[in-house]
Structure formats: structure tokens, C-alpha cells
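Mapping to this note's numbering: the sequence shown position 394 is 1492, numbers consecutive.
To be clear, the hints were calculated from the coordinates, so they are not data collected in a lab. There's no promise every hint is true.
[Unchecked claim] Computed list of lysine-lysine pairs in DSS-like fashion (alpha-carbon distance at most 27 Å, straight line):
1) K1630 <-> K1450
2) K1449 <-> K1518
3) K1356 <-> K1304
4) K1687 <-> K1614
5) K1424 <-> K1356
6) K1533 <-> K1658
7) K1356 <-> K1170
8) K1356 <-> K1403
9) K1455 <-> K1356
10) K1560 <-> K1638
11) K1518 <-> K1356
12) K1424 <-> K1406
13) K1424 <-> K1449
14) K1449 <-> K1687
15) K1518 <-> K1424
16) K1630 <-> K1560
17) K1304 <-> K1450
18) K1533 <-> K1170
19) K1403 <-> K1304
[Said to hold, decoys possible] Quick list of simulated restraints, FRET-style, between CB atoms:
20) L1176 <-> R1329: 27 to 37 Å
21) R1254 <-> E1311: 16 to 26 Å
22) G1534 <-> V1722: 25 to 35 Å
23) W1584 <-> A1419: 39 to 49 Å
24) G1412 <-> D1322: 44 to 54 Å
25) A1419 <-> T1180: 32 to 42 Å
26) S1131 <-> V1264: 14 to 24 Å
27) T1180 <-> E1639: 41 to 51 Å
28) Q1221 <-> S1136: 41 to 51 Å
In this text the structure is predicted, and so the values were computed from the model without any measurement. Glycine included, each C-beta is placed from N, C-alpha and C at the ideal position.
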Amino acid sequence: MVSKAVHHVIILIGLFSYVQALAQTNNKTILLSRLDLSRPGLEQVNSYYLAGDTNNAANALLNYYRNRTTVKHPDVDLTGVTFPTGAAVSASDLQKANDALTHHFFVHDGYESYFYGDDINWQYWPVHDNELRWQLHRMPWWMPMAVTYASTGDERYAVEWMAEYVDWIKKNPLGLSADNDRFAWRPLEVSERLESQSSLIQYFIKSPNFTPEFLVAFLNNYYDHAEYLIRNYTDEGNHLLFEAQRMIYAGTFFPEFKNADTWRQSGIDTLNNQINIQVYPDGLQNELSFNYHIACINIFYEALKMLKINGIEGQFPASYAQTVEKMILAEINFSYPDYTYPMFSDAQLVKKSGILKQYKRWADLFPDNPVIQYFASDGQTGSLPTYTSSRLENSGIYTFRSGWDMQSTVMVLKASPPGKWHSQPDNGTFELWVKGRNFMPDSGPFIYEGDATVNAERDWFKQTRVHNTLTLNNQNITVNANCLQWSASPTLDMLVYENPSYTNLTHRRSVYFVNKTFFVIVDEAIGSATGKVALHYEFKEGNVIADQCSMSVTTTNSDKNNITLKCFAPENSAMELEDGYVSYSYNTKVARPAYAIGLNKSDNSTLRFLTVIYPYSQTMVPPVIEGRITSASAKKLTAKITIDGQDYTIGYDLP
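Kindly generate the complete structure, drawing on both the sequences and the hints.
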């Protein structure tokens, strides 16, 4: 005889099973009502739905998606591919996939994998860097799980992915808390999930463990994401661009949803509008951070590509592609011959292989542009630009260039209008690249934002005084440069600009690239402000010889590729060693030599500094350099430079 307690358990289990089945039926009904079942290929699904048979409708829907060939994806094409493929999986991806099986999630490149619990805690915050919380909800370990599953056919990866997917839905409902909504439902993360999951489903839907019930959960969640995003776009910036591009992905890759056309058109309209707002006429994206500039090229490119491969043409005017082309050419102008570029603002050091891959993608859209073809082919086809030095006039990026090959000398200088969040108060800063070595890299971003400790680290790397420019009392500057003069010729490239750096203090900097060989920089602190005026120079990590008496710094590389910097400063100036760090990647930093040359400004007289930077090779002995400003007024300046006995006269004469 069954005891009452056991009987009650049996009843409860039965009741729970009934409620669960009812919920699944309701979820299926909700999903099917969201789909346009009149579309070709969905006839069987519609027939079952009209008959009230939601279970068989869901089965037919799964069969439809497993065999669908009418929609293409620009990033993943598994048509006709049988798992396991046996394809090679990188050691990094394999590690991330295996770690994920035990809930050790690799969330961010700047950190190790962290254990999020046997029962996953999606609110866990091991380091109070906001990026760790935000990027947790992008699930960057899921794609390594997908490619590992494709290669091995090991069902552990598919089963675990589906378990984690359902667990996230269960534990992160919209409205759970203001804190969780801030991280899990920030529109950028929602859009990232829309894009990545359009790829992920193509891998895991091949699994025999991928059930109709899971498909229903997946598609309902996807629909909820798209509907949330279209009503909660970010106001501006690269986030808005990402979100719009991913709405195009959602509406194009899942045309079965009744609202798909609305999603897609919303993304198209937003990009058509924002490309004219966020991109300067010279082609640079207005956040003035080169890695985000490249990200925005990819956003515009991927939107075009998604529509094109699915036969949806004519959604963007000709000017859209022309702007994208101009953005690519802007990148070429500010890049070094090894395909890297300055780490201004929040940019980080990149590898040639990664950038070359980007050019190869973009070149498909611009087969008739020989310059883009040249960089996409690593010089095998196409042709180089016909010029060397150049400027991006609207965004204030100036490139002094002796050539395009690895033996060249390149200085890139930033004298820009006000930037957005990713920009830094660094006008006047520059990097100097000579024969494959970046001698004066920007400090980089190090980290973004979080608690007080994280924010203090970010503030240190953002501050003006750790850039190659001029400060008053080591305070941050106002950014709003005005170009006064620019010219380029085989014998002299010249820039003169002003920046209203402080109240009652304007920084005028003039830069001269003499004979495509060496640089002369004249800095003028103009105005009635008083306090400590200093020039700051930051060098690549490694040993240097610094002479405080002659105010010179010389690198000591054994390959004989070196530079020497010598400053001729006002009387009573002194050169001091400063704390110096460079961050080539997120949450990493390296100590490096850094120096300040300055003095106290006590009245409204203009202070002027003359600096010569001379690259040299074939010898370990730097040249003998002398220099002085011979005359100066409000609009005219002349200086004389002597290099190993050879005299040069430079200067400006403003209208």
C-alpha cells in the first residue's frame, strides 16, 4: 500500500509535469503566433498549427530550420557540412570550450577564466571592472564551444551550451533588478547576442540533443531580444551603430518572424542616418579612436554584406559605400607600413595578420580601388597611394611620412576637435615609427571603467601629462584644435596648429619634417596663465641615455636603429624623469622611460621650446645637434637647426 506521503509526491510530480507541459504548449503557441507561417517552406508547420497540434508544429519547424537553404549568413556557412568535421581547433578555443564544461568562463581577453559556480551565478563579479560584467552577457566562450563541437562531434559541448542558454534565460529576466538590467540588458549586449546567436544556432541545431522545445525557447528569446532592442537603441556612438547592424542581421537571418522586415528596416534607416553623423567628411569616425574606427568600418561593411548575399539590394544610397571606402583610405593614411597604427585614445596594439584579414574582406566591395587592393594583397596587386604625407583635415590627424615601406619614417600626430567617450585629452600627442620600431608609442587605454580602483587606473592612462604634449601644472587640457597651416613637399612637411588647452593659455605647436629625415617641433605656451609649463616625452620600454644637462634622450638599440631627442628650452628649464607606462593590450602595462622638460611661467610672456628628433642608423653615435629660435612674433617664427655642421632654417609665417 502506498503511503500518503509518497502518494502526495506522486501527485505533485504529476501536477508539475502537467504545468510544465502546459507552459511548453503555451510557449509554442506564442512562438507560432510570432511567425509568418505563409512563407514558403512553412506549409507543414502552418497545417499543424491550424489544427491546434503545437507539438508536431514545433517538430516540423525544427525540421525546417535544419534543412533551410534560402537564407545565407556572411560569417557562417555550414550548408552540407557533416559533423564531426575534424577541422583543426586552436589551442585557445579548445581551452575555452573545455573550461566552459565546468563553468570556468573566459569572458575578457584582459583576464583569466573564472569559475561561476556549479549552479551558474550570472551576477558574479570577480574584478570590479564593468567590462567583466557586460561581456559575461556576450558569452564569448560559446563560439569556441561551437567550433569545438563541429570539429569533434562531442555532444558534451552541445548539451552544455543548451543548458547554459536556458539557465541564462531563467536567471536573467528583464526587470530582475536595476543592477542586473544594467549589465545583462544593456542594448549593446542585447545586440551582441542577436548577432552571435544567429551564428551559434547553425552549429548546434545539428545536434540530436537539439529538441523542438529548445528551438522554441531559443526563438522566443531571440524575438524578445529584437523587440527590446528596437525600442531601446543607444542614443549615439559606436554602440548605436552596432545595434543597428545587428537588427539588420536579426531581420535578415530570421525572415520567418512577422516583425523581421521592421527590424531590418530599422537597422537600415539608422545606419543611413548615422553614417552622415558619426563619420567626418575626411572619413574618420568621430570617436577618434582608431580601433573603434575600424570596428565602424566593419559595421557598415557587414550590413551591406548581409543584405547583398541575401539578394536585398538598393537599401543604401551610393554615398554609403563611398563613405565606407573613404573610411578605409583614412585608415591607410594613419597606419604604419607594418599595418599597425597609433594607440591614441582607447586604441590598442594590433597585429598585421588581423588587419590584413580586414582589408581582404573590404576589398571584395571595392575591386576597382587599386590602393585598397594593394593593402588587401600585402602589396601583390594594386598600387600604393601617389602621396606620402597627408592629413585628415576634419578630424585633425596628421601623418608625416617618408615612404610606405619598412625602411620608412612615419610620425602620426593628433590635433583634433573634441572627441567622444573613447577619446582622451591628448591634443598634440604623436607616435614616431622608424624602420619597423615604434619609438614613442601612446600610453594606450589600459582599462575602461568600474569601481574606484579601476577608474583611478583609467584616469592615469588618460591624463594629458602621459602623452607627448604640453601641460600647465600637469592638468588635463581642453581639446579643440585649430589648424593654422599645413603643407607637404619632398623637402619640408609642415604643420602649425593651436589648442585652447587651458583658461588663458593656448598651446601652439609647429612641426617640421625636414627632407623626410628628421623632425623639428616648436611649442609655444601663449597667454597670461601662470604655473608650471612642461613638455612631456614618452619612449618605448627599454634602455635610453638621458642627459639632463643637455636635455637630450637617446635610445640604445643594438640593431643601430635609434633616435635622439634634444630640447632647447627657455632659461631655467629642467628635465625630470617621470613615471611612465605603456599599455599595449587591455589590463596590461609595461614601465617605460618618460621625461618632462619645463619651468615656471610667472607672467603673460610666451614660453617657447624647440625640440629636434633625429632618427639615425648604421652607427651608435648620435649626431651633434644645435638649435635656437632666432625670431618670433604673434604670427611669425624662425629657427635655425644645425646637424653635424649642416644648417637648416625652418619656421612659419601665418596670414
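How the hints compare with the structure:
Our distance criterion of 27 Å between C-alpha atoms is broken by K1630 and K1450, whose separation comes to about 41 Å. As the CA atoms of K1449 and K1518 are separated by approximately 25 Å, the hinted pair is consistent with the 27 Å bound. Between K1356 and K1304 the CA atoms are separated by roughly 25 Å; this keeps the pair inside 27 Å, and the hint holds. With a C-alpha separation of about 32 Å, the suggested pair K1687 and K1614 falls outside the 27 Å cut-off, and the hint is violated.
Straight-line distance between C-alpha atoms of K1424 and K1356 comes to about 37 Å, which puts the hinted pair past the 27 Å bound. Of the supplied pair hints, the one linking K1533 and K1658 holds, its CA atoms being roughly 11 Å apart against a limit of 27 Å. The straight-line distance between the Cα atoms of K1356 and K1170 is roughly 19 Å, inside the 27 Å bound, and the hint therefore holds. Using a Cα cut-off of 27 Å, the hinted pair K1356 and K1403 holds, with the two alpha carbons roughly 23 Å apart.
As the CA atoms of K1455 and K1356 are separated by approximately 36 Å, the hinted pair breaks the 27 Å bound. Between K1560 and K1638 the alpha-carbon distance is near 18 Å, which keeps this suggested pair within the 27 Å criterion. Between K1518 and K1356 the alpha-carbon distance is near 37 Å, which puts this suggested pair outside the 27 Å criterion. Using a Cα cut-off of 27 Å, the hinted pair K1424 and K1406 holds, with the two alpha carbons roughly 20 Å apart.
Between the alpha carbons of K1424 and K1449 the distance comes to roughly 22 Å, so the proposed pair stays at or under 27 Å and holds. A hinted pair counts as satisfied when its Cα atoms are at most 27 Å apart, and K1449 with K1687 qualifies at roughly 18 Å. Between K1518 and K1424 the CA atoms are separated by roughly 21 Å; this keeps the pair inside 27 Å, and the hint holds. Distance hint between K1630 and K1560 is fulfilled; the C-alpha atoms sit about 20 Å from each other, no more than 27 Å.
A C-alpha spacing of about 35 Å is found between K1304 and K1450, which places the hinted pair above 27 Å, so the restraint is violated. With a C-alpha separation of about 44 Å, the suggested pairing of K1533 with K1170 is violated against the 27 Å cut-off. For the hint pairing K1403 with K1304, the CA-to-CA distance comes to about 25 Å; that is within 27 Å, so the pair holds. For L1176 and R1329, the hinted distance range of 27 to 37 Å is satisfied, since their beta carbons lie about 32 Å from each other.
Checking the proposed 16 to 26 Å range against R1254 and E1311 shows it holds: the Cβ atoms sit about 20 Å from each other. Taking the beta carbon of each, G1534 and V1722 are about 26 Å apart, inside 25 to 35 Å as hinted. Between W1584 and A1419 the beta carbon distance is about 29 Å. The supplied range of 39 to 49 Å is therefore violated. In this structure the hint that G1412 and D1322 lie 44 to 54 Å apart at CB is violated, the actual value being about 31 Å.
Separated by about 37 Å at the C-beta atoms, A1419 and T1180 satisfy the suggested range of 32 to 42 Å. For S1131 and V1264, the Cβ-Cβ distance of about 21 Å falls inside the hinted range of 14 to 24 Å, so the restraint holds. For T1180 and E1639, the hinted distance range of 41 to 51 Å is satisfied, since their beta carbons lie about 50 Å from each other. The beta-carbon spacing between Q1221 and S1136, approximately 43 Å, falls within the hinted interval of 41 to 51 Å.
The structure shown violates the earlier hints numbered 1, 4, 5, 9, 11, 17, 18, 23 and 24.
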